[in-house]
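Asks: Chain by chain, the residues run as shown.
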Amino acid sequence: MIALLRYAILRSAREKFLFALLLAPSVMLLSPLLAIAALSVAKGQPAYPMSFDARISPAAAARMGGEIALAMASLAAGAGGFWIFRREMANRSVSFFLLAARPQAVAFAATIYGFLAGTTASLIVMSGLAALTHHWPASGRVFLVAMVSSLATSAMGTLLVTISSDESMLLPVFGGSCVIAVSLMSAKTPAALPAAVVAILLFAVSSSLLLRWRCPV
Amino acid sequence: MSEAAIVGENLLKRYGNVTALRDTSFSVTKGTITGFIGRNGAGKTSTLKIVSTLMRPDDGVCRVFGLDVREHAYEIRRRIGFLPDSFELPWSLTLREYLDIFADLYDIRRSDRARRIDTAIQLTRTEDLADRRLNALSRGEQQRVGLARALIHNPDLLLLDEPAAGLDPHARVELKELLRLLRERGKTVFLSSHVLADLEEICDELVVIKAGNVIFSGDIAGFRRQMRSTTRWRVTTLGGQITLPGNASGEVVARSANSLDFEGDLSPAERARWISELVSRGVSVCEVSPQRTTLEQEFAKAVEEEEEVEA
Numbered sequence: 274m275i276a277l278l279r280y281a282i283l284r285s286a287r288e289k290f291l292f293a294l295l296l297a298p299s300v301m302l303l304s305p306l307l308a309i310a311a312l313s314v315a316k317g318q319p320a321y322p323m324s325f326d327a328r329i330s331p332a333a334a335a336r337m338g339g340e341i342a343l344a345m346a347s348l349a350a351g352a353g354g355f356w357i358f359r360r361e362m363a364n365r366s367v368s369f370f371l372l373a374a375r376p377q378a379v380a381f382a383a384t385i386y387g388f389l390a391g392t393t394a395s396l397i398v399m400s401g402l403a404a405l406t407h408h409w410p411a412s413g414r415v416f417l418v419a420m421v422s423s424l425a426t427s428a429m430g431t432l433l434v435t436i437s438s439d440e441s442m443l444l445p446v447f448g449g450s451c452v453i454a455v456s457l458m459s460a461k462t463p464a465a466l467p468a469a470v471v472a473i474l475l476f477a478v479s480s481s482l483l484l485r486w487r488c489p490v
Numbered sequence: 677m678s679e680a681a682i683v684g685e686n687l688l689k690r691y692g693n694v695t696a697l698r699d700t701s702f703s704v705t706k707g708t709i710t711g712f713i714g715r716n717g718a719g720k721t722s723t724l725k726i727v728s729t730l731m732r733p734d735d736g737v738c739r740v741f742g743l744d745v746r747e748h749a750y751e752i753r754r755r756i757g758f759l760p761d762s763f764e765l766p767w768s769l770t771l772r773e774y775l776d777i778f779a780d781l782y783d784i785r786r787s788d789r790a791r792r793i794d795t796a797i798q799l800t801r802t803e804d805l806a807d808r809r810l811n812a813l814s815r816g817e818q819q820r821v822g823l824a825r826a827l828i829h830n831p832d833l834l835l836l837d838e839p840a841a842g843l844d845p846h847a848r849v850e851l852k853e854l855l856r857l858l859r860e861r862g863k864t865v866f867l868s869s870h871v872l873a874d875l876e877e878i879c880d881e882l883v884v885i886k887a888g889n890v891i892f893s894g895d896i897a898g899f900r901r902q903m904r905s906t907t908r909w910r911v912t913t914l915g916g917q918i919t920l921p922g923n924a925s926g927e928v929v930a931r932s933a934n935s936l937d938f939e940g941d942l943s944p945a946e947r948a949r950w951i952s953e954l955v956s957r958g959v960s961v962c963e964v965s966p967q968r969t970t971l972e973q974e975f976a977k978a979v980e981e982e983e984e985v986e987a
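The listed protein sequences derive, respectively, from chains R and C.
The first sequence runs contiguously to residue 490 in my numbering.
The second sequence runs contiguously to residue 987 in my numbering.
No wet-lab data here; the hints were simulated from the structure.
For each residue, glycine too, the CB sits at the ideal point set by N, CA and C.
Take these hints with a grain of salt, some might be off.
Not close to chain C: a few residues of chain R, all C-beta gaps over 12 Å, as computed [stated by the list, open to error]: (1) Pro331; (2) Ala332; (3) Ile397.
Covered stretches of chain R, as calculated for chain C (at least 3 residues, CB under 8 Å) [claimed, not checked]: (4) 386 to 393; (5) 462 to 472.
Which residues of chain C face chain R? A partial, calculated answer using Cβ under 8 Å [as the list claims (entries may be wrong)]: (6) Glu679; (7) Tyr691; (8) Arg753; (9) Ser768; (10) Ile777; (11) Leu781.
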C-alpha cells in the first residue's frame, strides 16, 4: 500500500491536482477575508485581527470559518479518494496494480490518499484563518470530527470510482461529502462517530469487493 | 514428457449473449515461445485475460504452472508478466520511478530494486527513456516500457497481447531478440499476434483459435501435418520442356519458360529419378527445391477448412 500511496502522491504532485486539493478550501474561505482586508486598507482603516463582518468578532469569525473550512476539507478528501485512481480505472491500467497488489490495498491507498489530502487541506485553511483572525478556529473535538469526516468522504469517493469512473460521478461525490460532513459536524449525540466508522468500513469493504469483482483474486 | 506452463480445459466465456470462448482447450509447454493466432474477435484477448487471472471463465478449468486461476490467482500473478494490447502510462513519472513503484508492489527488497530496474531497462533497451517522463512516447517506446514493467519481478511466464502491433521493422526485430533471450533464460512466452511471419520465425508452438474454439494446439510441424500440407517443389532449368515425374501424385500449380511449380509429396528417391529423367531428355536442370508454405497460408487454409466444415 505504501508503494501505491507513493505513486499517488508523486503523480498528483507532478500533475498539480494535489495542490488544487490542498489549497481549494483555503482559496475559497480566505479570499473573502483577504478582500475585506484589502478594502479596509484602501479605506485607510486597516484592521487586525480580521473578521468577515464588522458585526462579528474575530473569534466568532474564526469559529464559523473553521466549521465551513472543515466541511470544505471533507469535500477535498472525497474528491481525492475519487480522483486519484480515476484515470487508471477508466483506462483499465488499474489491472497492473491488481496484478501486483491485492484489491484492498488499492482501495485503501485511494482512501488514505484522500484522507491525507483532506486533513492537510484543513490544517492549511485553519492555519490561514488563525493567522488572519488571531484565533484558532477549531477545538480538538471539532478537528477530530473533521478528520473522521475526511476519512468517510474519501472512502465514499473511492467506492464511487469503483462503481463508475465517469467524471460526472463527482456530483454524487460532492453531494455525499456535504451530507456526511454536515451530519457529523452538527451531530449532537456521541453515537455519530462510531456510526461514521462503521460507514467507513462499509465503504472500504465494498470498494475492495468491487475491485475484486472487476479483477477477481 | 514436457511440463505444461498453461493448461486450458473446456473454457467457456460469455459476455451477455455473445460467447467469446466455447469449450476451448489448449496447452502451452514450459520454456517455449507459443504463438496465439486467430482473427479479430476470435477470443485471444479473453483467453489471455483468463490466463492472467484478470477475468474468470464461466466454465472450464485453467491452470498456470499447475495452479487453478480461480483458487490461486494471487500466487499466479506473482509468476506472470502481462502486457495487454493497449494501455496507458502515467505521463508525469519517469520510467525509473514507474518501475521502482512496481518493484515495491512486487515486494522486491530495496537493496535489489536498483539492480532489477537496471536489468529490465537493459533487456528492453529503454536506457534512453530511463530518466525521461513517460509522455509523448511512440508506440514502440510505449510497448518497451510496458515490457519493462511486465519483466520487473522476473516472471516465469510472459503473456503478451499483440506486442508487435504498430511496431516498426527494427523494433520488431528487437522484440524477437528479446523473446528469444527470455526463452534461453527458461521463461515461457505466450503471445498473440497478427504478424504470422514473425511468429513462424520465433515460435516453438502454436495455438490457433477461431470463433472461440481452439482448432489447433501443438508444435508448428504438427500444425502443418494437421493441415496435411504438401510441399511445393520448384524445378528451375536453363531451358527445355519440363515434364512431371512418371508416377507423380500431385499437381502443377505454376509454370513458366524455365521453371515449374509442382505441389505433391516426393521422396528423395523420387526426386532423384525425376532429375535423371529430365537430364536424360537433355533438360539442363539447375535446381529442384522445396517452396515451403508460410504460416499465414496455413492459417488461412485452417480457417477456410473450418468454415467449410461448418457450412
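Asks: Now tell me, hint by hint, if it's right for this structure.
Replies: How the hints compare with the structure:
1. Pro331: Answer for R:Pro331: holds, closest chain C Cβ roughly 41 Å.
2. Ala332: Label holds. Min Cβ-Cβ 43 Å, cutoff 12 Å.
3. Ile397: 23 Å, holds
4. 386 to 393: violated (count 0)
5. 462 to 472: violated (count 0)
6. Glu679: 23 Å, violated
7. Tyr691: At 14 Å from the nearest chain R Cβ, C:Tyr691 fails the 8 Å test, so the hint is violated.
8. Arg753: At 5 Å from the nearest chain R Cβ, C:Arg753 passes the 8 Å test, so the hint holds.
9. Ser768: Because about 4 Å separates C:Ser768 from the closest Cβ in chain R, which is inside the 8 Å limit, the hint holds.
10. Ile777: Hint holds; C:Ile777 Cβ to chain R Cβ min 5 Å, cut 8 Å.
11. Leu781: 4 Å, holds
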